[in-house]
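Please model the complete structure; the sequences and the hints are all you need to start from.
There are 2 protein chains.
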Amino acid sequence: MNADKIPDIIIGRLPIYLRALQRMSEKGMKTTSSQELGEHVGISAAQIRKDISQFGEFGKQGTGYSIPFLMDKLREILNVNKMWDVAVVGAGDMGHALARYQGFKNRGFQVVMVFDNDASKIGQKVGDFVVEDTNKMVERIHAAKIKMAMITVPASAAQAVADRLVQAGVKAILNYAPVSINVPNDVHVQHIDPSTHLQRMTYYLD
Amino acid sequence: MNADKIPDIIIGRLPIYLRALQRMSEKGMKTTSSQELGEHVGISAAQIRKDISQFGEFGKQGTGYSIPFLMDKLREILNVNKMWDVAVVGAGDMGHALARYQGFKNRGFQVVMVFDNDASKIGQKVGDFVVEDTNKMVERIHAAKIKMAMITVPASAAQAVADRLVQAGVKAILNYAPVSINVPNDVHVQHIDPSTHLQRMTYYLD
Chain W
24 MNADKIPDII IGRLPIYLRA LQRMSEKGMK TTSSQELGEH VGISAAQIRK DISQFGEFGK
84 QGTGYSIPFL MDKLREILNV NKMWDVAVVG AGDMGHALAR YQGFKNRGFQ VVMVFDNDAS
144 KIGQKVGDFV VEDTNKMVER IHAAKIKMAM ITVPASAAQA VADRLVQAGV KAILNYAPVS
204 INVPNDVHVQ HIDPSTHLQR MTYYLD
Chain U
24 MNADKIPDII IGRLPIYLRA LQRMSEKGMK TTSSQELGEH VGISAAQIRK DISQFGEFGK
84 QGTGYSIPFL MDKLREILNV NKMWDVAVVG AGDMGHALAR YQGFKNRGFQ VVMVFDNDAS
144 KIGQKVGDFV VEDTNKMVER IHAAKIKMAM ITVPASAAQA VADRLVQAGV KAILNYAPVS
204 INVPNDVHVQ HIDPSTHLQR MTYYLD
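Top to bottom, those sequences are chains W and U. Under this note's numbering, think of the first position of the first sequence as 24, with each following residue one higher. Under this note's numbering, think of the first position of the second sequence as 24, with each following residue one higher.
Honestly, I wouldn't trust all of these hints.
Just so you know, same-sequence chains aren't split out, so a pair can sit in one copy or run between any two.
[To be verified] With a Cα cut of at most 20 Å, we get these calculated EDC-like pairs of lysine to aspartate or glutamate:
{"#": "1", "residue 1": "K83", "residue 2": "E59"}
{"#": "2", "residue 1": "K53", "residue 2": "E155"}
{"#": "3", "residue 1": "K128", "residue 2": "D95"}
{"#": "4", "residue 1": "K148", "residue 2": "D108"}
{"#": "5", "residue 1": "K53", "residue 2": "E80"}
If you are wondering where the hints come from, they were derived from the structure by calculation, not from laboratory data.
So this is what it looks like as structure tokens:
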């Protein structure tokens with residue numbers, strides 16, 4: 024398995040497969056087929072088989088995939104067979120929501136720090152965290168060796184925050200600000216953009 | 024152009040192209056090429072040309088695409104050349120964040136109602152809205168002919184809320200709850216799942 028050889032578009036589908044498998048597992052299912060998985064995620068069975076076979080022979084002709092086994096393999100491939108610490112920058116509504124979000128557990132992530140530059144928010148509790156001063160962000164994140172962060176500041180502040188996260192050693196940023204951010208090539212960015220999801224649905228509406 | 028003939032995966036890429044074009048436009052750019060657009064969105068130039076050509080001949084060999092023209096066409100195809108009213112269900116942190124989110128303007132969406140079942144929240148202001156009682160949700164959404172909604176309630180309540188939204192005539196749901204929801208075939212669902220985005224990045228981290 025060579026990371027450089029697997030197209031990014033395939034990597035992007037693996038978390039979707041893993042999520043579907045986790046839901047099947049929660050329902051008590053033990054095995055599945057590429058057909059069944061395909062129906063859950065809206066991707067063809069042939070594509071799923073092709074994607075998964077990039078990493079090895081994880082299924083059996085006739086009996087399909089063992090759900091726990093395939094989940095383990097996908098977790099291993101995606102590096103989420105361990106817990107990643109994540110910093111949240113911006114203690115507004117979205118920062119609060121993420122600090123308290125129940126959907127990170129069992130997916131490999133835990134929020135460990137929340138930052139804001141607003142004096143009225145610094146020192147306040149957000150979920151289990153005390154909001155820390157962004158002035159200490161670079162130092163704190165670097166010392167804790169945190170590699171992932173979520174940006175929930177206003178659009179106008181997002182690039183400056185991203186620059187400081189990069190300086191602190193962060194290598195993966197989930198950006199909730201409605202603006203694009205520029206980072207060095209070795210830093211990964213994903214953008215949460217509800218409008219894009221809504222537009223994907225309006226196509227089908229009258 | 025026949026909606027039934029365009030694969031969903033292509034439709035899913037159009038909002039991403041539109042977002043990139045809007046950013047280019049905000050920077051003052053007037054024209055672009057499939058190569059340049061491809062670099063912005065991480066999709067091959069050939070794929071972009073193929074996707075866009077499904078809907079007509081919008082570019083010119085040699086000069087590329089007019090950004091305002093292609094934006095207009097994509098908005099028309101995606102049905103966002105008008106404003107869609109959206110209801111938010113759940114006036115917690117995420118509901119607050121969405122009610123105040125600045126990223127809907129110029130994308131074709133406006134939040135018009137916010138609902139919650141918590142007596143301490145009903146009647147409170149969230150952004151420009153007064154939180155309304157979910158008991159009146161079906162009636163209110165139906166009367167206002169609202170077709171889109173965002174669910175930001177806890178996982179345990181999401182399915183019941185979705186059922187009532189469907190009853191009210193909603194045809195497109197953006198689900199922020201960390202759980203899958205079942206809806207009839209004529210209702211569209213998209214799921215905002217930060218863990219999936221984070222997992223897409225951990226693959227590349229050590």
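Hint check:
1. For the homomeric pair K83 and E59, the shortest alpha-carbon distance inside one copy (15 Å) is at most 20 Å, but the shortest distance between copies (43 Å) is not.
2. Taking the shortest alpha-carbon separations for K53 and E155, neither the intra-copy value of 44 Å nor the inter-copy value of 43 Å comes in at or below 20 Å.
3. In the homo-oligomer, the alpha carbons of K128 and D95 lie at most 20 Å apart inside one protomer (16 Å), although the nearest pairing across protomers, at 42 Å, exceeds that limit.
4. Taking the closest pair of Cα atoms, K148 and D108 come within 20 Å of each other only inside a single copy of the chain (19 Å); across copies the shortest separation is 34 Å, beyond that limit.
5. In this assembly of identical chains, K53 and E80 lie within 20 Å of each other by CA distance solely inside one copy; the values are 18 Å within and 49 Å between copies.
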